[in-house]
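J.: Residue numbers (this note's numbering): 986 to 1746.
Please keep in mind that the hints were generated in silico from the structure rather than gathered at the bench.
Given the structure is predicted, the values throughout are model-derived calculations rather than measurements.
Where a beta carbon is used, it is the ideal one built from N, C-alpha and C, also for glycine.
Don't take each hint at face value.
Straight line, CA to CA, 25 Å or less: simulated SDA-like cross-link-like pairs of lysine to any residue [what the hints assert, rightly or not]:
1) 1126 x 1108
2) 1122 x 1052
3) 1522 x 1575
4) 1126 x 1052
5) 1052 x 1091
6) 1126 x 1136
DEER-style ranges, computed between Cβ atoms [claimed, not checked]:
7) 1650 x 1005: 24 to 32 Å
8) 1064 x 1154: 43 to 51 Å
9) 1574 x 1043: 32 to 40 Å
10) 1117 x 1066: 29 to 37 Å
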Amino acid sequence: MATTSIYCPSCGAQNTIDADTCFACQHPLHEPVHETLLHNRYRLLDQLGSGGFGAVHRAEDAHEQGKLVAIKQINLAGLTPQQVIEATDGFNREVSLLSTLSHPHLPHIYEHFTDPDHWYLVMDFLEGETLEAYLDKTYMKRGALTPLPLNEVLDIGLQLCTVLDYLHTREPAIIFRDVKPANIMRTPTGTLYLIDFGIARHYKPGKPKDTIPFGSPGYAAPEQYGKAQTSPRSDTYSLGALLHMLLSGDDPVDNPFHFDPLRLYGESMSELTTLIERMVSLDVEQRPENVQEVRDTLQAISDAQNNARILPVVATPPPPPPSHTTVSSGNGLQQMMVQRQQLRKQRQQYWSYNRRKSRRGFVIGTIGIVSALALVGAGLDGLFQLEQDRIGVCSCGAPSYASLFEQAFPLIPVYPTTAQLQNVSWSPDGNSVALAADKNLCVQQVDAAGSPPEITSKITMLYHTASPILALAWQPEIGGIVAFASDKTLNLWSGDWAGTTGFLQDTSSQIEAQREPDASTDEKVVIQSIAWSPDGKHIAFPFARGIQVWDAKTQTHVKNLLFSSTYEANQITSLSWSPDSKYIAAAFSNSFPAVWRISDGTFYENVVQQNTTIVAWSPDNQFLATANGSVVYITKLSYPVITTPQKKEKNIINPFILYMGHSGVVTSVSWSPGGRYIASGSDDTGNNLHVWTPFDVSNGPPNQNQTSFGHPAPGNAYVFSTSINNNGTGVQSLSWSPDGSSMLVGTNNAFIYPLNTQLLG
986 MATTSIYCPS
996 CGAQNTIDAD
1006 TCFACQHPLH
1016 EPVHETLLHN
1026 RYRLLDQLGS
1036 GGFGAVHRAE
1046 DAHEQGKLVA
1056 IKQINLAGLT
1066 PQQVIEATDG
1076 FNREVSLLST
1086 LSHPHLPHIY
1096 EHFTDPDHWY
1106 LVMDFLEGET
1116 LEAYLDKTYM
1126 KRGALTPLPL
1136 NEVLDIGLQL
1146 CTVLDYLHTR
1156 EPAIIFRDVK
1166 PANIMRTPTG
1176 TLYLIDFGIA
1186 RHYKPGKPKD
1196 TIPFGSPGYA
1206 APEQYGKAQT
1216 SPRSDTYSLG
1226 ALLHMLLSGD
1236 DPVDNPFHFD
1246 PLRLYGESMS
1256 ELTTLIERMV
1266 SLDVEQRPEN
1276 VQEVRDTLQA
1286 ISDAQNNARI
1296 LPVVATPPPP
1306 PPSHTTVSSG
1316 NGLQQMMVQR
1326 QQLRKQRQQY
1336 WSYNRRKSRR
1346 GFVIGTIGIV
1356 SALALVGAGL
1366 DGLFQLEQDR
1376 IGVCSCGAPS
1386 YASLFEQAFP
1396 LIPVYPTTAQ
1406 LQNVSWSPDG
1416 NSVALAADKN
1426 LCVQQVDAAG
1436 SPPEITSKIT
1446 MLYHTASPIL
1456 ALAWQPEIGG
1466 IVAFASDKTL
1476 NLWSGDWAGT
1486 TGFLQDTSSQ
1496 IEAQREPDAS
1506 TDEKVVIQSI
1516 AWSPDGKHIA
1526 FPFARGIQVW
1536 DAKTQTHVKN
1546 LLFSSTYEAN
1556 QITSLSWSPD
1566 SKYIAAAFSN
1576 SFPAVWRISD
1586 GTFYENVVQQ
1596 NTTIVAWSPD
1606 NQFLATANGS
1616 VVYITKLSYP
1626 VITTPQKKEK
1636 NIINPFILYM
1646 GHSGVVTSVS
1656 WSPGGRYIAS
1666 GSDDTGNNLH
1676 VWTPFDVSNG
1686 PPNQNQTSFG
1696 HPAPGNAYVF
1706 STSINNNGTG
1716 VQSLSWSPDG
1726 SSMLVGTNNA
1736 FIYPLNTQLL
1746 G
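Take the sequences, apply the hints, and build the full model.
T.: Below is the structure:
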């Protein structure tokens, strides 16, 4: 973009590009020979921002080998006498306060100076952006703020408590009076700094109220409007307003002094909810006594999140077999054969024991499942006691590593590759897995009934496509057809790949999206998702104006399901049928998820009030699991409304339940076959495979009275997790085995994770 202004090398004022002299100080703007430094020291580089009575510039300090600094400039030219008074007061206040302070979360003041029309303040240059800009860039979707992950909110709260406690413990105490996202700088590493002390003041004991009311609506405490003197508890109120916004997504500016109750579920969440309610109390005396109390509570909650839970041991199983064997010198081949036989026997004993325990646990847990489903039938608000317009946050503390993912048999590779396995799928009978790696479609046989599951055939290459395979799905129930999408074409493959002889029978076919009669030739879109109806009879995939449904047996086009005009600029990124095959849900690249009714094509917009790119329908037909960024959303569908004949129904949902256990972007979400648990994977390289439940676990898990396992209170979830890091790649895709006993995970490789099913009830 062309430069439209030039800054005076003498005073720093902004001038039009064609000006010859500075309008403020009359200094020449285009000196041919000598460079003029501001204050004979600072070389102005660019303007970082402006507002109020001046601007902030980035500059080089010529006396410190070009060290970068920030220079705050107050321009007095053109101000009214009252504005000069206000600018003078703010500048002097900031200089007098910051010059005496030294803290890791405060900018350092180097010097200040003046000329006839300007005042200057030289301070640390902070690389980064305001917290406000960071939130807008990272968490703002369609004009609404997405609640932040709990660990990030706690980190923000702890950093701000540290610097506010420092200010409040000065003699006399310094009240910042303007804690809000625009006055907080965030570096790329997440370090926060309080900036702009223009309205900060010293606390004056005994004074009934401030001389002049100051503050920002929504964040300013009631006493800042002139009703009483501001105190350290005023900053506590502002911090509480900020934390409430980060957890709920509700901007306090929209409704000052009113904060809807937070619905946070999980370990220590009641303490966090109570703390924030106290912080934003209109009654000063009801707020925490000081910021130190807030920091101690936040730190305790953070520690609870970071300390891994240790699950109770139901009984001591036989010792697990070693993960590898060591062959000594001598007859190596004979020793290896003997050790392999011993290892196999140990594994069978170990798994036989766990399977017996799992069956007993299943009988006990069945009552809990029935109870949970009864509550589900009663509605999400009955289960979690949510109000209709509230958001619940399912926070489960630190993920547990305790043997849901059997560490005795950590990973069973089924397809070594250097390409990312974007899609994996388990056959309905559990005896085969399909893998899509870049442009290759492969199948491998697995003995799912083995102890543990074993690879029983070499990998079989079915097809090599011209373009990467973007979607993959195995036909439910029948299981004879693998569907995969490459670019804009859907491929159907069926045949017998038993043994190691490869693909024996090829009855493949290709389907291209049908166009509407008035459609242009470029209407086809890249197929990013395909979905079989649960009965295996139909397959759906996206095209430019919605979804196409085909008959799998006859391979004929059945119908088009069209979306409304507001969705036309979007790509469909994920599809999921309802278990009764009556509806199909879709997630979009830049719109809220939607649902079609198959029978008449009714289109229900905005079934989840959040942009999400992944959608998965629960097996009990009641919930949608969706994901965007690091958050998974669980939404209760209101079927009495969804069955109305309206063509555009926009309110068919109950509130969210949010799962914030991931730190990376969630790439895959899958319900367990029984519908009680959810597996979710993320693209980060640590703690990236989670199994969790949003439902009441009080009756389900063994040893239910042990709070270290899971909290019996309704609404508390529990989590198991593990880290899959294969050549620096996180989880790309995952699939439950049909019996729920194992997990198929795709990274740069494909792995089968046997699960200790007794822990799942």
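J.: Now, for every hint given, state plainly whether the structure supports it.
T.: Right, here's what the structure says about each hint:
1. 1126 x 1108: Violated, at roughly 34 Å.
2. 1122 x 1052: violated, 29 Å
3. 1522 x 1575: violated, 30 Å
4. 1126 x 1052: The given pair, whose Cα atoms are some 38 Å apart, is violated under the 25 Å limit.
5. 1052 x 1091: holds, 18 Å
6. 1126 x 1136: holds, 20 Å
7. 1650 x 1005: 24 to 32 Å: violated, 53 Å
8. 1064 x 1154: 43 to 51 Å: Given range 43 to 51 Å: violated, Cβ gap about 36 Å.
9. 1574 x 1043: 32 to 40 Å: holds, 36 Å
10. 1117 x 1066: 29 to 37 Å: Check passed, 32 Å falls within 29 to 37 Å.
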